[in-house]
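*Asks:* Sequence:
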Amino acid sequence: MLRTVGRVGVPIASRQGLAVERKAFVYFAANPNSETFVGICSVPTTSRAVTTSVPTAAALLWLALAACAPFAHALDTSLKATQFIYRDWTRADGLPSNVVWSLTYGQSGYLWLATEGGLARFDGVRFEVFNSETRSAFRVNDIRDVVQDSDGHVWAATYGGGVVRVAGTTVRRYGVEHGLDSEIVYAVVAARDGAIWAGTSTGICRLPAGASEVSSWTEADGLPTRRYLRAAEGDAGDIWFSGLGNGVVRFLAGELKVFGAKDGLDATQVYALANDPGHGMFLADYSGAM
15 MLRTVGRVGV
25 PIASRQGLAV
35 ERKAFVYFAA
45 NPNSETFVGI
55 CSVPTTSRAV
65 TTSVPTAAAL
75 LWLALAACAP
85 FAHALDTSLK
95 ATQFIYRDWT
105 RADGLPSNVV
115 WSLTYGQSGY
125 LWLATEGGLA
135 RFDGVRFEVF
145 NSETRSAFRV
155 NDIRDVVQDS
165 DGHVWAATYG
175 GGVVRVAGTT
185 VRRYGVEHGL
195 DSEIVYAVVA
205 ARDGAIWAGT
215 STGICRLPAG
225 ASEVSSWTEA
235 DGLPTRRYLR
245 AAEGDAGDIW
255 FSGLGNGVVR
265 FLAGELKVFG
275 AKDGLDATQV
285 YALANDPGHG
295 MFLADYSGAM
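Residue numbering for the sequence shown follows our numbering, beginning at 15 and increasing consecutively.
Honestly, the hints are just simulated from the structure, not real lab data. There may be inaccurate statements among the hints.
[Claimed, not checked] Straight-line distance between alpha carbons at most 25 Å, and here's what the computed SDA-like set of lysine to any residue pairs gives: (1) Lys276 - Leu258; (2) Lys271 - Phe296; (3) Lys271 - Arg220; (4) Lys276 - Arg241; (5) Lys271 - Thr239; (6) Lys271 - Gly294; (7) Lys271 - Glu233; (8) Lys271 - Glu227; (9) Lys271 - Gly236; (10) Lys271 - Leu237; (11) Lys276 - Arg240; (12) Lys271 - Ala234; (13) Lys271 - Arg187; (14) Lys276 - His293; (15) Lys276 - Ala288; (16) Lys276 - Leu266; (17) Lys271 - Gln283; (18) Lys276 - Trp231; (19) Lys271 - Gly208; (20) Lys271 - Ser230; (21) Lys271 - Asp252; (22) Lys271 - Val228; (23) Lys276 - Val228; (24) Lys271 - Met295; (25) Lys271 - Asp290; (26) Lys276 - Gly259; (27) Lys271 - Ala288; (28) Lys276 - Arg264; (29) Lys276 - Glu233; (30) Lys276 - Asn289.
Given the sequences, and given the hints that come with them, work out the whole structure.
*Replies:* Okay, here's the thing in structure tokens:
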């Protein structure tokens, strides 16, 4: 059964990501629909200085979500959101696009960003761009999600070019010719067993570690909807997917289960998933509930 544990007061409609850098900085992607705040932003978690600029509602929302994350003890809860120092980066700083869909902090210290203009690797100063202009494996530039697996390989979900893996200097694409049910991929998650899961425009796919055969699920297999925009792994190795309607789905020990309004969801449009080890999966839905 799902349980509402809090409400931020506004619909959580942003699909942008959140990452923490060794408990020193919180990085988050801004709302691409905002006219005043685009790109990415970092907030020192131990900052006590007061900024002279006020971030937009999108920035404040992510600060609120950050307070619910496992690293929340690093944030000074006595401060208001507008009292944190923050800095933003945009195309003027080398970001390939001001539309940032997702981001993740990698094992080697790089921040990886999925943007509308390509995959970007950020070292804190410079951006290195991976897209159709710099790597032939990228057939399109619109990257919707990015994760890193336990081997340090980076996986990018592309809007129209399948899934792309960056392993050092080797870049490889996986598409419909490899078993994906669609070239439009919205979400990827790297499971602890080495498998890569993908949420696509027509269903859900799983690429086992070391295997070339892709398993797929569609509405014909019991999925409540076609498009899946977010994915996360739970403590038990369970894989969760969410979309624009009909709740969330969970794969556990080979079984598929659908969670909806009857299970406690305030709204069946779920835009964000985050696992808190030992406490379960947090879902952010359209009603503003978590």
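*Asks:* Each of the hints needs a verdict: does it hold here or not?
*Replies:* Hints and how they fare:
1. Lys276 - Leu258: Since the Cα atoms of Lys276 and Leu258 sit roughly 17 Å apart, the hinted pair holds (cutoff 25 Å).
2. Lys271 - Phe296: holds (17 Å)
3. Lys271 - Arg220: Holds, because 16 Å separates the two Cα atoms, which is no more than 25 Å.
4. Lys276 - Arg241: holds (21 Å)
5. Lys271 - Thr239: This hinted pair holds, its Cα atoms lying about 13 Å apart.
6. Lys271 - Gly294: Cα-Cα ~16 Å, so holds.
7. Lys271 - Glu233: Holds. Lys271 to Glu233 sits at ~13 Å (cutoff 25 Å).
8. Lys271 - Glu227: holds (23 Å)
9. Lys271 - Gly236: Cα-Cα ~9 Å, so holds.
10. Lys271 - Leu237: holds (9 Å)
11. Lys276 - Arg240: holds (20 Å)
12. Lys271 - Ala234: Holds - the C-alpha atoms of Ala234 and Lys271 are around 14 Å apart, at most 25 Å.
13. Lys271 - Arg187: violated (30 Å)
14. Lys276 - His293: Holds, at about 21 Å.
15. Lys276 - Ala288: holds (21 Å)
16. Lys276 - Leu266: holds (20 Å)
17. Lys271 - Gln283: holds (17 Å)
18. Lys276 - Trp231: At roughly 23 Å apart (the allowed maximum being 25 Å), Trp231 and Lys276 satisfy the hint.
19. Lys271 - Gly208: holds (22 Å)
20. Lys271 - Ser230: Since the Cα atoms of Lys271 and Ser230 sit roughly 15 Å apart, the hinted pair holds (cutoff 25 Å).
21. Lys271 - Asp252: holds (11 Å)
22. Lys271 - Val228: Measuring from Cα to Cα gives roughly 20 Å; hence the hint holds.
23. Lys276 - Val228: violated (32 Å)
24. Lys271 - Met295: holds (14 Å)
25. Lys271 - Asp290: holds (20 Å)
26. Lys276 - Gly259: Measuring from Cα to Cα gives roughly 14 Å; hence the hint holds.
27. Lys271 - Ala288: Roughly 18 Å between the alpha carbons, so the hint for Lys271 and Ala288 holds.
28. Lys276 - Arg264: Given that 25 Å is the threshold and the Cα spacing comes to 15 Å, the pair holds.
29. Lys276 - Glu233: Given that 25 Å is the threshold and the Cα spacing comes to 20 Å, the pair holds.
30. Lys276 - Asn289: holds (22 Å)
Consistency note: the structure conflicts with the earlier hints numbered 13, 23.
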